[in-house]
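Colleague: The lines below spell out each chain.
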Amino acid sequence: MNKVVANAKAAIEGIESGMTLMLGGFGLCGIPENCISALVEKEVNNLICISNNAGVDDFGLGLLLQKRQIKKMISSYVGENDEFERQMLSGELEVDLIPQGSLAARCYAAGAGIPAFFTPAGYGTEVGEGKEVRYFNGKPHLLEAALNADFAIVKAWKGDRFGNLVFKGTARNFNPAMAMAGTITIAEVEELVEPGELDPNFIHTPGIFVQRIFQGKDYEKRIEQKTVRSQS
Amino acid sequence: MLDKKGIAKRIAQEINDGWYVNLGIGIPTLIANYVPDDMNVVFQSENGILGMGPFPFEGEEDADLINAGKQTITAMPGASIFDSATSFAMIRGQHIQLTVLGAMEVAENGDIANWKIPGRMVKGMGGAMDLVASADNIIVAMMHTNKRGQSKLLKRCSLPLTGVKCVKKIVTNMAVLDITDEGFKLIERAPGVSVEEIQNATEGKLIVEGDIPEMKIPD
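Residue numbers (my numbering), protein chains in the order written: chain A, 1 to 232; chain B, 1 to 219.
Hints in this document: simulated from the structure, not taken from any laboratory. It is possible that some hints are incorrect.
[To be verified] Once the Cα atoms are required to be at most 30 angstroms apart in a straight line, the calculated DSSO-like pairs of lysine-lysine come out as:
1) A:Lys131 <-> B:Lys155
2) A:Lys42 <-> A:Lys139
3) A:Lys131 <-> B:Lys165
4) B:Lys165 <-> A:Lys71
5) A:Lys67 <-> B:Lys123
For reference, chain A alone in the conformation it holds in the complex (with noise of 0.2 angstroms):
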């Protein structure tokens, strides 16, 4: 078994203009910076994008924004991106505001063939409009669909050619998720190995939910707010 493709270029092939994509990451940590860049360059449009956040105007999804290759966001809190809040206003993008455990849940709820779940979050707010209530334990509950992509494209700190994945700190957040639920997952990670370098007891998503897989190269890893203590 072998699901190495030699680079981000090869990895999103078959990825075409008005498809839905899941992208991993929060905010700029543990995104896929190598199959962005690949989208860019490919200038694939009219996309459905399901990810956590939306960039910055220069990075992350921001990337593919500056580009216009985004028709819709599905999202749960994008607010730091210029070009993005122009485009939303001016009518360009559209933009679904979703919980963010209601976003992961959806995710995971694809992944593990769960057609539809129901949650607290959201009852009695906008974001139950048009959604069945129901009442378990005296609670109100809303009915939330799973999320499906054709592609889900996460990033992970090592894999290997299984595609068994292992994600570093809070770097891991929606890939685990997002790689259940991709008709086709990419994984681009920092370190590939080769199958048994990786213990067994430690992978956090099994290559089972991988199809793709490549090293990545120049990460530049952005942090969005450095924020340190003083040495004394």
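Given chain A's structure and the hints, the job is docking chain B onto it.
Modeller: Leaving out everything else, chain B in the frame of chain A:
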């Protein structure tokens, strides 16, 4: 009248040894600074860490270790890291003992609005709706009035809601209040603030029973 640090110090007194606590952005973040050293309190950040520590020293920041405010952080000994679905399982499954968050408005029935102002750029609710819908114990940390001097403790929220009937307690620069079936029950006054001043700054129904003690805020 308290400043933001004072609000954080007062809320820190509500935390018990052994609790898992989720702190929102803004005033709530400050609370971690005022938990006594002899208490074991584990801070969760919903992007996927239990055991969030202080900011790193200059030069030691790690792009792969941030909090929900996207700030660089450290991990405490005994910390654990997990994915977003697991993180919200902790929240939705009520495994977190205390959630503290800021608000634009709170209503006398416990409704909270803190994510959207119509006509202005909408940034999104992030994890706030999941947190308020599920948490058993929610404290709101906020100023009693907005920048125009208007009360933020209302009969009904005017802004789009984040959650319904969920807030249990509010700590402001003027008072500590519990949400009861009858309205905002005044529990404590900030140093130097009178009941009358609190009454004047509270649009929703304020319940005052007996003498209201002054908060004790350590220096």
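Colleague: If a hint holds in the structure, say so; if it does not, say that too.
Modeller: Hints, verified against the model:
no. : hint                  : in the structure
1   : A:Lys131 <-> B:Lys155 : holds, 27 angstroms
2   : A:Lys42 <-> A:Lys139  : violated, 48 angstroms
3   : A:Lys131 <-> B:Lys165 : holds, 19 angstroms
4   : B:Lys165 <-> A:Lys71  : violated, 36 angstroms
5   : A:Lys67 <-> B:Lys123  : holds, 21 angstroms
Violated hints, in rising order: 2, 4; the structure is consistent with all others.
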